[in-house]
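Model the full assembly from the supplied sequences, consistent with the hints where possible.
Chains P and A supply the protein sequences, listed in that same order.
Quick note on my numbering: the first sequence kicks off at 97 and runs consecutively.
Quick note on my numbering: the second sequence kicks off at 97 and runs consecutively.
Treat the hints with caution; some may be incorrect.
Remember, identical chains collapse to one label, so a pair may be satisfied in a single copy or spanning two.
[Claimed, not checked] Listed next, the in silico DSSO-like pairs over lysine-lysine satisfying Cα-Cα at most 27 Å (straight line):
| no. | residue 1 | residue 2 |
| --- | --- | --- |
| 1 | 253 | 309 |
| 2 | 253 | 217 |
| 3 | 309 | 217 |
Because the hints were derived from the structure by calculation, they are not lab data.
There are 2 protein chains.
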Amino acid sequence: MSDRDQIEQLRSRLSDGAVVTDPALLESYLHDEAEWAAYGKPVAVVRAGSTADVRDTVRWALEHGVPVVPRGAGTGLSGGANALEGCVVVSLEKLNQVLEVNPLERLAVVQPGVVNDDLRKTVATQGLWYPPDPASSPWSTIGGNVATNAGGVCCVKYGVTRDYVIGLEVVTGTGEVVRLGRRTAKGVAGLDLVGLFVGSEGTLGIVTEITVKLRPLPDPGRTVLGYFDGIVDAGVAVRDVAARGLTPSALELVDRTCLLAVDEMTHMGIASEANVVLIGKVDDPGEAGERAAQEMVAAFETGNATFVAETDDPEEADAMMAARRLAYPAMERLGPLLTEDVCVPKEHVPEMLRRVERIAAESDITIATVAHAGDGNLHPLMITGRGDDEAKARAQAAFDRIIEEALDLGGTVTGEHGVGLLKMPGVTRELGPEVLAMERAVKQALDPEGIFNPGKVF
Amino acid sequence: MSDRDQIEQLRSRLSDGAVVTDPALLESYLHDEAEWAAYGKPVAVVRAGSTADVRDTVRWALEHGVPVVPRGAGTGLSGGANALEGCVVVSLEKLNQVLEVNPLERLAVVQPGVVNDDLRKTVATQGLWYPPDPASSPWSTIGGNVATNAGGVCCVKYGVTRDYVIGLEVVTGTGEVVRLGRRTAKGVAGLDLVGLFVGSEGTLGIVTEITVKLRPLPDPGRTVLGYFDGIVDAGVAVRDVAARGLTPSALELVDRTCLLAVDEMTHMGIASEANVVLIGKVDDPGEAGERAAQEMVAAFETGNATFVAETDDPEEADAMMAARRLAYPAMERLGPLLTEDVCVPKEHVPEMLRRVERIAAESDITIATVAHAGDGNLHPLMITGRGDDEAKARAQAAFDRIIEEALDLGGTVTGEHGVGLLKMPGVTRELGPEVLAMERAVKQALDPEGIFNPGKVF
Numbered sequence: 097m098s099d100r101d102q103i104e105q106l107r108s109r110l111s112d113g114a115v116v117t118d119p120a121l122l123e124s125y126l127h128d129e130a131e132w133a134a135y136g137k138p139v140a141v142v143r144a145g146s147t148a149d150v151r152d153t154v155r156w157a158l159e160h161g162v163p164v165v166p167r168g169a170g171t172g173l174s175g176g177a178n179a180l181e182g183c184v185v186v187s188l189e190k191l192n193q194v195l196e197v198n199p200l201e202r203l204a205v206v207q208p209g210v211v212n213d214d215l216r217k218t219v220a221t222q223g224l225w226y227p228p229d230p231a232s233s234p235w236s237t238i239g240g241n242v243a244t245n246a247g248g249v250c251c252v253k254y255g256v257t258r259d260y261v262i263g264l265e266v267v268t269g270t271g272e273v274v275r276l277g278r279r280t281a282k283g284v285a286g287l288d289l290v291g292l293f294v295g296s297e298g299t300l301g302i303v304t305e306i307t308v309k310l311r312p313l314p315d316p317g318r319t320v321l322g323y324f325d326g327i328v329d330a331g332v333a334v335r336d337v338a339a340r341g342l343t344p345s346a347l348e349l350v351d352r353t354c355l356l357a358v359d360e361m362t363h364m365g366i367a368s369e370a371n372v373v374l375i376g377k378v379d380d381p382g383e384a385g386e387r388a389a390q391e392m393v394a395a396f397e398t399g400n401a402t403f404v405a406e407t408d409d410p411e412e413a414d415a416m417m418a419a420r421r422l423a424y425p426a427m428e429r430l431g432p433l434l435t436e437d438v439c440v441p442k443e444h445v446p447e448m449l450r451r452v453e454r455i456a457a458e459s460d461i462t463i464a465t466v467a468h469a470g471d472g473n474l475h476p477l478m479i480t481g482r483g484d485d486e487a488k489a490r491a492q493a494a495f496d497r498i499i500e501e502a503l504d505l506g507g508t509v510t511g512e513h514g515v516g517l518l519k520m521p522g523v524t525r526e527l528g529p530e531v532l533a534m535e536r537a538v539k540q541a542l543d544p545e546g547i548f549n550p551g552k553v554f
Numbered sequence: 097m098s099d100r101d102q103i104e105q106l107r108s109r110l111s112d113g114a115v116v117t118d119p120a121l122l123e124s125y126l127h128d129e130a131e132w133a134a135y136g137k138p139v140a141v142v143r144a145g146s147t148a149d150v151r152d153t154v155r156w157a158l159e160h161g162v163p164v165v166p167r168g169a170g171t172g173l174s175g176g177a178n179a180l181e182g183c184v185v186v187s188l189e190k191l192n193q194v195l196e197v198n199p200l201e202r203l204a205v206v207q208p209g210v211v212n213d214d215l216r217k218t219v220a221t222q223g224l225w226y227p228p229d230p231a232s233s234p235w236s237t238i239g240g241n242v243a244t245n246a247g248g249v250c251c252v253k254y255g256v257t258r259d260y261v262i263g264l265e266v267v268t269g270t271g272e273v274v275r276l277g278r279r280t281a282k283g284v285a286g287l288d289l290v291g292l293f294v295g296s297e298g299t300l301g302i303v304t305e306i307t308v309k310l311r312p313l314p315d316p317g318r319t320v321l322g323y324f325d326g327i328v329d330a331g332v333a334v335r336d337v338a339a340r341g342l343t344p345s346a347l348e349l350v351d352r353t354c355l356l357a358v359d360e361m362t363h364m365g366i367a368s369e370a371n372v373v374l375i376g377k378v379d380d381p382g383e384a385g386e387r388a389a390q391e392m393v394a395a396f397e398t399g400n401a402t403f404v405a406e407t408d409d410p411e412e413a414d415a416m417m418a419a420r421r422l423a424y425p426a427m428e429r430l431g432p433l434l435t436e437d438v439c440v441p442k443e444h445v446p447e448m449l450r451r452v453e454r455i456a457a458e459s460d461i462t463i464a465t466v467a468h469a470g471d472g473n474l475h476p477l478m479i480t481g482r483g484d485d486e487a488k489a490r491a492q493a494a495f496d497r498i499i500e501e502a503l504d505l506g507g508t509v510t511g512e513h514g515v516g517l518l519k520m521p522g523v524t525r526e527l528g529p530e531v532l533a534m535e536r537a538v539k540q541a542l543d544p545e546g547i548f549n550p551g552k553v554f
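Written as C-alpha cells, this is what we have:
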C-alpha cells in the first residue's frame with residue numbers, strides 16, 4: 097500500500113476531520129518548546145475526537161509499522177512530543193472535557209486535553225483543589241502533565257502529578273482500550289500500572305482518560321519575600337528553611353537575569369530592588385502559620401537577605417508569584433533557551449548554585465536561574481543569541497557540566513520536565529546499564545512492536 | 097547435582113548460618129497469617145545477613161531453577177509469603193538496621209527487616225514521622241510493608257506506603273543488585289520502577305534497602321467517639337464525614353463481635369456500652385481542628401449515634417485506638433479467620449456494610465467487621481469453629497460474595513492486604529484479561545526466569 101493509500105485508509109477509519117496532512121497545519125505539531133531538540137516530519141497528525149480515534153490510529157500504526165508520537169499542548173521542555181520522521185502525531189487537544197467532579201469521593205475524571213488551569217478552576221467552584229501546578233498551567237494539559245509527571249510550585253508541600261493520579265484509560269501497545277487503577281481511596285489489586293504510565297512520556301501507550309484525587313482548597317496562606325545580593329546567599333536561606341524543619345507550600349527562586357527579563361516584558365520594576373528573590377509561602381492555618389512565617393523570615397536572614405518581609409498584601413504576593421511564572425516566557429524572548437531541570441538534595445542547593453555560577457563564568461554563557469528551590473529543583477536557563485553557533489556549543493557543554501555536577505551532588509538530571517530527547521545522555525549516566533535494561537524490558541513488554549515514541553527516553 | 101549438594105553449594109556461598117534446613121526451624125517459615133491459604137515445603141530458608149546473601153541466593157536459584165519466596169515478618173493476610181513446594185524462602189528479618197535518618201532531607205534509609213514501629217520510634221526522636229501504620233505495625237517490617245504497599249489507620253489523610261518510598265536497592269530477576277529511584281525531593285528520570293516494586297508482593301525482585309520520605313510529627317489532634325446501634329448507621333456517619341468535606345486523620349470502625357472479642361482479651365468492657373464504635377481523629381491545628389471535630393460530631397449524629405463525644409482525654413483516645421488495633425489478634429483467638437479487604441467508594445460504605453450483614457445472615461456465618469472506614473476499606477472477618485468444614489465452605493462462599501458485591505459497587509477486592517493467593521480469583525475478575533496480560537508481561541520482563549513467588553498474584 098502506498099503512503100498515500102495508508103493515510104486514506106486511516107482517514108476512512110477515524111472521525112471526520114481527525115486526520116490532518118495540510119503542511120501548514122502540520123507545522124504547529126512538529127515539536128514542543130525544547131528548541132534545541134531534533135524533530136522530523138510526520139506523515140499525518142491525528143486530532144483525536146474520541147478514544148476510538150486513538151485506538152484505531154494505534155491499530156493502524158501497528159498494521160503499518162508507523163511510529164506514534166502522542167502530544168498534549170506541546171509545552172514540554174525536553175522534546176518528548178517532538179515528531180519523528182514518518183510518524184503519526186496523535187494530538188489529544190480536542191479531548192478536553194471534565195467528565196466528573198465528585199466532592200464526596202474527592203476525585204475528578206477528565207479527558208487528557210483539559211488544560212491544567214481549567215481543571216483547577218472547575219474544581220475550585222466546589223471548594224476543591226488539584227494541586228500540581230507547573231509554570232505552564234495556563235496552557236499545558238493534564239494528559240501532558242501525566243506523561244511527564246509534571247511538578248510545579250506547590251509540589252514542595254503537596255507532591256507531583258503521580259501523587260494525584262489514581263486511574264487511567266489507556267490505549268495499549270496491542271491496540272486495546274483498558275482501564276487501569278481505581279476510583280477508591282485505596283487499592284492494591286496487582287502491579288501499579290497507573291504509576292508506571294505516569295511519567296512514561298508517551299512510550300508505553302496513550303492515555304485517553306484520567307481520574308485524579310483532589311484536596312480541599314487550602315488557606316491562602318502567608319507569603320515571605322526575601323531579596324538577596326547573590327544567588328548562593330539565597331541558596332543558604334533555602335537550605336536553612338529545610339534545616340528548621342519548615343514545610344513551605346512554595347519556595348521559589350528568581351535570579352537577576354530573569355528579573356530583568358520579566359521587568360522588560362511587564363514593567364514591574366522588581367530588578368531595581370533585588371538581585372535575587374525568594375518567594376516563600378506557608379499555608380498552615382492560624383498560629384501555626386504565623387510561627388512558620390516567622391521561622392521563614394529567620395531562615396532568609398540566615399542567608400543574609402538584604403530585605404525580608406512577610407507580606408499581608410495578597411496582591412503583592414500574587415505579583416511576585418506571577419513574576420516567577422513569567423520568567424520562562426520572558427526569557428524566551430531573549431533567544432533560544434536550553435533549559436536545565438536538575439534536582440539536588442536540599443542540603444546541596446547552595447553548592448549547586450555556586451557551581452552553576454562558576455560554569456557560567458567559565459563557559460562565557462549567560463545562565464539565568466529560576467528554581468523550585470524548596471525541592472532542590474533548579475532550572476538554569478542557557479541563553480545564546482540567535483544564530484551564534486559557537487555560543488550554542490559552549491551552552492551545550494555547560495548543560496552537560498551542570499548535569500555532571502548535579503549527579504556528583506547526589507542529584508538527578510530531571511526533576512520534573514522529563515527525559516524526552518534532551519536528557520537521554522544524562523539519564524544513561526544517572527541510571528546505569530542494568531536499570532536502563534530493566535526499563536527497556538518493561539517498555540518492550542508493554543509496547544512489543546515499539547511504536548510509541550521510539551528512540552526517546554531510554 | 098543432588099538436592100543435598102545444591103543446598104551445600106548454597107551454604108558455601110552465603111554467610112555462616114544463613115542457610116536453615118532444620119525441619120523444626122523451617123516450621124515457622126511456612127506461611128503468613130492467611131490461615132486459609134495453601135503452602136508447601138521449602139528446601140531451605142535463607143536468613144540473609146547482607147545484600148550479598150540475597151544476591152547469591154537469587155543467582156543460585158537461577159542456576160538451579162528454584163523458586164524464591166521473599167519474606168518479612170510473616171504478618172501478611174493474603175498468603176503472599178507462603179512457601180511453595182521446593183522453594184527457598186528468603187527471610188529479610190536480620191537486615192534490621194535503620195541506616196540513616198536525615199531531618200534536613202526528611203528521609204530515612206532502612207533495611208527491609210526493620211519493624212514498622214521501630215522505624216517510627218527512631219525517627220520520632222528527631223521530631224519526624226513515618227505515617228504508614230498497618231495494624232501489624234508492632235511486628236510487621238518495612239520490607240513487608242513495601243511488598244504489599246501496606247496501608248493503615250492514618251492513610252485516610254496521609255496515604256499509603258507507596259506514597260513514602262522514593263528509593264530502593266533491589267536484587268533483580270537476573271541476579272543484579274541495582275538502585276532504583278532517588279534521594280531528592282523530586283525526580284522523573286525514566287520509568288517509575290520504585291512505584292512498580294512497591295506492592296509487587298515479591299514477584300519482581302527482592303528489596304534489600306529502602307529510602308522513605310518522612311513528615312514532621314503531627315499534632316496529637318482531637319478524637320471523636322461515636323457509638324451506634326447498627327453498623328449501617330455507622331456507615332451513614334462515615335459517608336457524611338466525606339460529604340461534609342472533612343479530612344479526618346483516622347476514621348476507624350469496630351463492630352460488636354470485635355468489641356466482645358477485645359473485651360474478652362483485655363477486659364476493657366467497651367461492648368457493654370456500644371454495639372458499633374467509630375473512632376475519628378482530626379489533627380488540624382488550632383481553631384481549624386476544633387471546627388473539624390465539631391463537624392465530625394455532627395456527621396456522627398447524622399448516623400443516629402447513640403452516644404457521641406469529643407474526648408480531650410488522650411488516654412481514653414489511645415485506649416479506643418488500641419481496641420481497634422487489637423481487634424484482629426482478639427478475633428484470631430476465636431478460630432481460623434478468613435479476612436476480607438475490600439475497598440469501596442465512600443458513598444457506598446453504608447450499602448456495602450448492609451450487604452455484608454445480609455451475606456452473614458444468609459450464609460449462617462459470623463462475620464465481624466473492622467474497617468478503615470474513612471477510606472471505604474472494610475475488613476469483614478469470617479470466623480468458623482476449628483474443624484468445621486461445612487462452616488468453612490459457607491465462609492468461602494460468603495468471602496466470594498463480598499468480593500462480588502464490592503466490585504458491583506465500583507470497589508476493589510483488596511485495599512491494602514495484597515493479592516497473594518487468597519485474592520487471585522477476585523483480582524482476575526477485577527482487572528480482566530487485558531490488564532492481567534499487561535501485568536504478566538511486566539512480570540516476565542523483570543523476572544524472565546519466573547523465579548520470584550511464581551503462581552501468586554497474577
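So, going through the hints one by one against the coordinates:
no., hint, verdict
1, 253 with 309, "both (16 Å within a copy, 12 Å between copies)"
2, 253 with 217, "both (20 Å within a copy, 24 Å between copies)"
3, 309 with 217, "within (15 Å within a copy, 30 Å between copies)"
In summary, this structure violates none of the numbered hints.
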